[in-house]
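2 protein chains.
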Amino acid sequence: MLVSQLLNPTLREVPAEAEVISHQLMVRAGLIRKSASGFYTYLPLGLRVLRKIETIIREEMDAKGGQEVLMPIMQPAELWKESGRWDVYGAELFRLKDRHNREFCLGPTHEEIITDLVRGEIRSYKQLPMLLYQIQNKYRDERRPRFGLMRGREFIMKDLYSFDRDEAGLHESYQKMYDAYCRIYSRCGLTYRPVEADPGAIGGTGGSHEFMVLADSGENSVVYCSGCDYAANTEKSECRPQIIEDASPEGQRKLVPTPGVKTIEDISKFLAVPKSTLVKSLLYQGNEKTFLVLIRGDRTLNEIKVNNALGGFVSLQLASPESVEKILGCEPGSVGPVGVPDGLMVIADEEVPLMKKVVCGANKADHHYVDVVPSQDFRIDQVLDLRMVEPGEACLRCGAPLKEARGIEVGQVFKLGTKYSKALGANFLDENGVEKSCVMGCYGVGVSRTIAASIEQNHDDFGIIWPMPIAPYQCIIVPASTKDTLVVETAAKLYQELKGLGVEVVLDDRDERAGVKFKDADLVGYPIRVTLGSKTLANGQVELRERKSGETHLVKVEDLTQKVKAIVEKALLY
Amino acid sequence: MLVSQLLNPTLREVPAEAEVISHQLMVRAGLIRKSASGFYTYLPLGLRVLRKIETIIREEMDAKGGQEVLMPIMQPAELWKESGRWDVYGAELFRLKDRHNREFCLGPTHEEIITDLVRGEIRSYKQLPMLLYQIQNKYRDERRPRFGLMRGREFIMKDLYSFDRDEAGLHESYQKMYDAYCRIYSRCGLTYRPVEADPGAIGGTGGSHEFMVLADSGENSVVYCSGCDYAANTEKSECRPQIIEDASPEGQRKLVPTPGVKTIEDISKFLAVPKSTLVKSLLYQGNEKTFLVLIRGDRTLNEIKVNNALGGFVSLQLASPESVEKILGCEPGSVGPVGVPDGLMVIADEEVPLMKKVVCGANKADHHYVDVVPSQDFRIDQVLDLRMVEPGEACLRCGAPLKEARGIEVGQVFKLGTKYSKALGANFLDENGVEKSCVMGCYGVGVSRTIAASIEQNHDDFGIIWPMPIAPYQCIIVPASTKDTLVVETAAKLYQELKGLGVEVVLDDRDERAGVKFKDADLVGYPIRVTLGSKTLANGQVELRERKSGETHLVKVEDLTQKVKAIVEKALLY
Chain A
1 MLVSQLLNPT
11 LREVPAEAEV
21 ISHQLMVRAG
31 LIRKSASGFY
41 TYLPLGLRVL
51 RKIETIIREE
61 MDAKGGQEVL
71 MPIMQPAELW
81 KESGRWDVYG
91 AELFRLKDRH
101 NREFCLGPTH
111 EEIITDLVRG
121 EIRSYKQLPM
131 LLYQIQNKYR
141 DERRPRFGLM
151 RGREFIMKDL
161 YSFDRDEAGL
171 HESYQKMYDA
181 YCRIYSRCGL
191 TYRPVEADPG
201 AIGGTGGSHE
211 FMVLADSGEN
221 SVVYCSGCDY
231 AANTEKSECR
241 PQIIEDASPE
251 GQRKLVPTPG
261 VKTIEDISKF
271 LAVPKSTLVK
281 SLLYQGNEKT
291 FLVLIRGDRT
301 LNEIKVNNAL
311 GGFVSLQLAS
321 PESVEKILGC
331 EPGSVGPVGV
341 PDGLMVIADE
351 EVPLMKKVVC
361 GANKADHHYV
371 DVVPSQDFRI
381 DQVLDLRMVE
391 PGEACLRCGA
401 PLKEARGIEV
411 GQVFKLGTKY
421 SKALGANFLD
431 ENGVEKSCVM
441 GCYGVGVSRT
451 IAASIEQNHD
461 DFGIIWPMPI
471 APYQCIIVPA
481 STKDTLVVET
491 AAKLYQELKG
501 LGVEVVLDDR
511 DERAGVKFKD
521 ADLVGYPIRV
531 TLGSKTLANG
541 QVELRERKSG
551 ETHLVKVEDL
561 TQKVKAIVEK
571 ALLY
Chain B
1 MLVSQLLNPT
11 LREVPAEAEV
21 ISHQLMVRAG
31 LIRKSASGFY
41 TYLPLGLRVL
51 RKIETIIREE
61 MDAKGGQEVL
71 MPIMQPAELW
81 KESGRWDVYG
91 AELFRLKDRH
101 NREFCLGPTH
111 EEIITDLVRG
121 EIRSYKQLPM
131 LLYQIQNKYR
141 DERRPRFGLM
151 RGREFIMKDL
161 YSFDRDEAGL
171 HESYQKMYDA
181 YCRIYSRCGL
191 TYRPVEADPG
201 AIGGTGGSHE
211 FMVLADSGEN
221 SVVYCSGCDY
231 AANTEKSECR
241 PQIIEDASPE
251 GQRKLVPTPG
261 VKTIEDISKF
271 LAVPKSTLVK
281 SLLYQGNEKT
291 FLVLIRGDRT
301 LNEIKVNNAL
311 GGFVSLQLAS
321 PESVEKILGC
331 EPGSVGPVGV
341 PDGLMVIADE
351 EVPLMKKVVC
361 GANKADHHYV
371 DVVPSQDFRI
381 DQVLDLRMVE
391 PGEACLRCGA
401 PLKEARGIEV
411 GQVFKLGTKY
421 SKALGANFLD
431 ENGVEKSCVM
441 GCYGVGVSRT
451 IAASIEQNHD
461 DFGIIWPMPI
471 APYQCIIVPA
481 STKDTLVVET
491 AAKLYQELKG
501 LGVEVVLDDR
511 DERAGVKFKD
521 ADLVGYPIRV
531 TLGSKTLANG
541 QVELRERKSG
551 ETHLVKVEDL
561 TQKVKAIVEK
571 ALLY
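Line by line, the protein sequences are chains A and B. Note that UniProt numbering gives residue 73 to position 73 of the first sequence, counting from 1, and the numbers run on in steps of one. Note that UniProt numbering gives residue 303 to position 303 of the second sequence, counting from 1, and the numbers run on in steps of one.
Hints listed in this document are in silico derivations from the structure and should not be mistaken for laboratory results. Model, not experiment: these values are computed from the prediction. Please note that a few of the clues may not be correct.
Unchecked claim - Subject to a maximum C-alpha distance of 25 Å in a straight line, what follows is the list of computed PhoX-like cross-link-like pairs (lysine-lysine): (1) A:K34 with B:K52; (2) A:K493 with B:K64; (3) B:K97 with A:K64; (4) B:K126 with A:K483; (5) A:K52 with B:K52; (6) A:K97 with B:K81; (7) A:K419 with B:K52.
Said to hold, decoys possible - Sample of chain B residues at the chain A side, in silico, Cβ under 10 Å: (8) P9; (9) I73; (10) Q376.
Claimed, not checked - Listing some non-contacts, in silico: residues in chain A with all C-beta distances to chain B over 10 Å: (11) A63; (12) Q67; (13) M74; (14) E92; (15) D141; (16) R143; (17) R151; (18) D216; (19) G227; (20) A272; (21) G286; (22) L318; (23) K556; (24) L573.
Idealized CB from N, CA, C, for every residue including glycine.
Could you put together the complete structure from these sequences and hints?
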C-alpha cells in the first residue's frame, strides 16, 4: 500500500478528550475516529489490527473444536425475561421497540440467544460437548464512555459458549479455553497474566479467570505469588487473617472524648495507637436490608467480597447519613459496634475477632470507645473474609510473598453451570435416557479492547510500538528524498520485492520532508522501518531500524529484503 | 471437518413459516435458525457461505482501490437531522435513546456517518478520489419481515462510498464499481444482469443500476433487449409511445349509458372496442396535492414514474372514494378527464395525446363518453412517460424487441452527487484554492441476501446446488457402510489427502444409513460427493458425483483426489 493513497490522518496534537495514552495514540496515529460518545469508526489501519487479532482468535477457537456461528445483535426481550435478566439488567442495557411495539435489546452478551438455539437442536449426550462462538459487536450503555476503545458503548467481542454433560465436561472445556486464551495473548505478542476473578453479573458459581494485559496504566490491580503460579484480581484474592500481637485490655472499655476526630488516621494520631488496633465500622444497605460491616483499621474493605458474602446484592451501597442517624443516632464518622440494636446484623472480617483490644466508634459524636474486647463487648453475627489483600502478604497456597501489578482486563472465562440451561430448558438425554440440563461455560475476549490494551503496554514518547503479530503493516519504506531518482526507484523496487516475499509493507511515497515521515512512522508504530538516504544508498546501503529496540543497522541493498523477511518470521514464531 | 462434530441440523419437513424456497432450504439444510421475526443466527455452514461471499467482495473492492473501514452501527440522530433524513425516514428506521435520553438509530445505510468522517479529514483535491467501504450489519424495521434472509430486519451489507472532485471523477468511480460488481457476481458463480434502476429513497439524480440475480421466483421484473445490452428494472425502463391507427371520431363526443360497467375489461366488451381506445383516469394524491393521471386502457401505470415526475412524493397514493366523490362528484370507477375542475392538474402518458378518439369515464355513474378527442375535449397539463414497458416492445436504443425476466436485487449502485456533501459540508479545495463539495456515489451489495438469491437460482427438488465458489464446503465424502473397515479407512485416508491438497472437504462419519447421508448431502448441496461402497471399493473404485449435473463416474481410488482437485480448480477459475 502506498501511504499517499492510504486514509491515515495522523495528528501532532493530543486530542483534548483523550485521557489515556492508548486513546490518544489511536486517534493521533489515525486508527480510529469518534462518531459519537462511545462510538468509533475504525480507519483502515485500525481495522487491519482488529482483523489480525480476530484471525488469531478464530484459529485458536477452531483448534479447540469451536464452531463459529453469528447471532443477531438485536435480541427479543422475551428471552431475557425467560432467563430473568430483563428486569435486573440495569441502565447499561440498550433497549428499544420495533414498529409493532415489541421490546428488544442490543446484546451486551449472548447467553440467552445461544441457549435458545441449543435447546432447539440438542437432544442427546452424543452431541456434547459443543463449543459455539462468534465475533461480533456488543453494546453497553456506559454512564460515562471514555478511554476510546477501552470503554466504548459499541465494541467487538469474541464470545464462546460451551455445553457439556456434566461438571467434569465443563472443567475440560474450561481448561481448553483457558489454554486457548493463553495462546491468543501470547500470539498477539502481549505480556499478560491469567488471574482468578469474580464472576460478577454474568453469574455462575463455578469459578472464573480474567486475562490481564499488564500495563502500569491498567485500571485493575492484580496480585501474584512470587513463589508459585497463584495470581488473582486483587478484588478476588483470598486473604489469610493476620494476628497482631497487641496488648491485652487494661480493664473495662472506656468512653473517651475525641473532639472533632473522625478518620482512622486522625484517631490513630490522637490516641497514639497503631491503626491496626482500630476497628472501622461501616453501615451498608442492599436489597432493603442493613448491615454493620467491621474491618481492622489498617485494612481496605473489599466491597465485592461483602456483596458476594451477602448473596450478591446488585444495589449494595453505604448507608446515607440520614439512615445512619435514624438507625444508630449518630453521624457516619462515629459509627461503632458496641450496643447496636438487636435487629442489626453485624458481619466482621476474619481479623476482627482475632484482635484482643480495640478502639472503635461509640455511636456518639466526638467520642470513641477504647479497650473494647471483640465478641465480648460487641456482637458479631458472621465472620468472613472481607478485606483487600496487600502486596507482601503470604500466598495462601505456598506462603511466599505476594506481589502487585496493574493490568487491563481483555478476556474472562466463566463456569456458568446450569444457570441459563435450567432457566431456558436446554436439556439432553443421557446414556440412560434421563433428561439433564446442559452444563455451560462462557468465554469472552474483548477484541477491540485488546487493541487499546496492547498500546497501553507497548508505546513510548514517539508513538505506538506494535508487536509484530498485530501490527497494521510489518514494515514501512521511507525514501528520505523524493528528488533523488536512485532513492525513489530503489524504494519502489524494494517495496515490490518485499510484497513478493509476503511481507506486509507500505511505501511512504508522500512528497513530505523525511522528518515528517519518520515522525509518522514512529507514531503509527510499524515494527520495521527501512530508510533510503542519498548518501548511504550511493554506497549501496539502506538503513534498517526496529521500532521496539530503536536499533539501526546499515544493510546492503541486495540483502535487505531477506533480512526484513527473517525479522518478521522470527517475530511471528510462537 | 467431520459431520458428526458439525452443528448442521438438517430437517426433512418444510418449516411452516418459510414461504420461499431459499428460506425453506436454508432452514432445512441447517444454515440458519430464527431467533425472532426477521432476526437469524447463522449456523456454521451458513456462516461459511457468508464469509466466502464477503471475501470475494473484499478482494474486488480492494482491487479497485477501495479502503476498508468499519463504522458504528448505532448512529447519532444529530447527523441524520443535519442531512434532513431523520424526519423523512419512516417507520423502517429503528430508533432508540441512550441513558441520557439522546436519540440514535440503527443504521440502514451510512451516508451520514461516512460524510461526517470525510468532512473531518479531506482538505485538498489531492486526496481525491477516495473510496471507503465496510461490510457490516444493517437494520430495517420491515412491516412484515419474511422470506428468511431475503427480507430480514438485521442483514449484512457491503457499502462503499466514493468521493470525487467532479462529475467526471464520479463517473469513473461509478464505472469502477459497476465493473467490480460484475466481477463479484460472476465470481460467486451466479447468473445476473445489471439493469438501469430508480434511485429511490437513497436519492441522488445521477443514475443508478441494480444487479439482479436472475431467478423465476424473483420479486423484480426486468426487461432486456434482445439486440443490444440495454437492460432495466421494468419499473425504470423508458417507453417509446406507440401510435395506434385508430379511426377518426365520428362526430361530437357522446355520453352513453353503461349500466353497471366499471372496469376497462368490461367497458371494452360492452362497447365492443379494443382496450387501446380507452383512456384510464386515476385520481392521485400526494403531499397535499391532487392529480388526474391518464393512461391508455391497455397499459399499466408505473407509479414510480408518476412519483418521480411529480418530484418524488413519498406519500403518493390513489385518492380515496370520499376524495373522488368530493372533487369529481362520482365514484372512482366513473372518473374521466372531460370537464374536470380548472384547478385539478391533468397529467397524461405520452400515448394519450396520440390517440384520435377515445372512450373515457364521464364523472357520472353508469355512463361513459365515446368519440372523445384528447386535448380538444379535455385538457392535458403535462405529457410524460408514465407507463410500464411491455415485453415485445421495441428497445429505445436499437429497436430490437425487449424481453422480460424475473430477478432478485442483490446490489445497487448510485450516483449521489452532492446531496450529502452539501448538507454536511464535506468540502475540499481545488487546484485554484476554491472550496467545492465532494461529488459522491454509493454502492451496496446485499451480502446475506446474495446467499438467498443464489439458492433461489440454484436448487432442485432435493436441495441446494451451490456454485463452487460459495459452497460451504467443496466436497463431501460418504462412506456408504460404517462396518466395512476398508470403506471406513479409505474414506478417512481420502479425507486427509483432500485436506492436504487444499480441498474444503467434510467426511460424513455419522452412524447413519447411506440413504440418510445421501439425502443430507443433496440437501446441503455440496458440489462434489464421493461415495465409498463396499462392492465398488473392492474393485478399487469410488463413485464421484457432481451435484449440479447429477453425473456419476466410477474413479480409481488412487486417481480420486487429483480428479476432485481438478474439478474444484476449474470451477473457481474466473
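| field | Minimum Cβ-Cβ distance from E92 of chain A to chain B exceeds 10 Å | value | With a cut-off of 10 Å, E92 of chain A comes too close to chain B, as the shortest Cβ separation is near 8 Å.
| Separation of R143 of chain A from chain B, once the least beta-carbon distance is taken, above 10 Å | violated (7 Å)
| said: If we take the beta carbon of Q67 of chain A, is the closest beta carbon in chain B still more than 10 Å away? | reply: At about 5 Å from chain B, Q67 of chain A fails to clear the 10 Å cut-off, so the statement is violated.
| Distal placement of L318 of chain A relative to chain B, Cβ over 10 Å | Label holds. Min Cβ-Cβ 23 Å, cutoff 10 Å.
| field | Status of A63 of chain A, Cβ more than 10 Å from any chain B Cβ | value | holds (13 Å)
| Hinted pair K493 of chain A and K64 of chain B, Cα distance within 25 Å | holds (22 Å)
| Is the Cβ of L573 of chain A farther than 10 Å from every Cβ of chain B? | holds (23 Å)
| said: Run the distance test for K97 of chain A versus K81 of chain B: straight-line Cα separation, threshold 25 Å. | reply: Distance of about 21 Å is within 25 Å: holds.
| task | Test the statement that A272 of chain A is away from the interface with chain B: the closest C-beta pair must be farther apart than 10 Å. | result | For A272 of chain A, whose nearest Cβ neighbour in chain B is about 50 Å away, the distance exceeds 10 Å, so it holds.
| request: Would you settle whether the hint for P9 of chain B is holds or violated, based on the nearest Cβ-Cβ distance to chain A being less than 10 Å? | output: At 5 Å from the nearest chain A Cβ, P9 of chain B passes the 10 Å test, so the hint holds.
| Given the hint that K52 of chain A pairs with K52 of chain B, does the C-alpha gap stay at or below 25 Å? | Holds, because 18 Å separates the two Cα atoms, which is no more than 25 Å.
| query | Taking the closest pair, is the beta carbon of G227 of chain A still more than 10 Å from chain B? | reply | holds (42 Å)
In this structure, the hints that do not hold are numbers 1, 3, 7, 10, 12, 13, 14, 15 and 16, in rising order.
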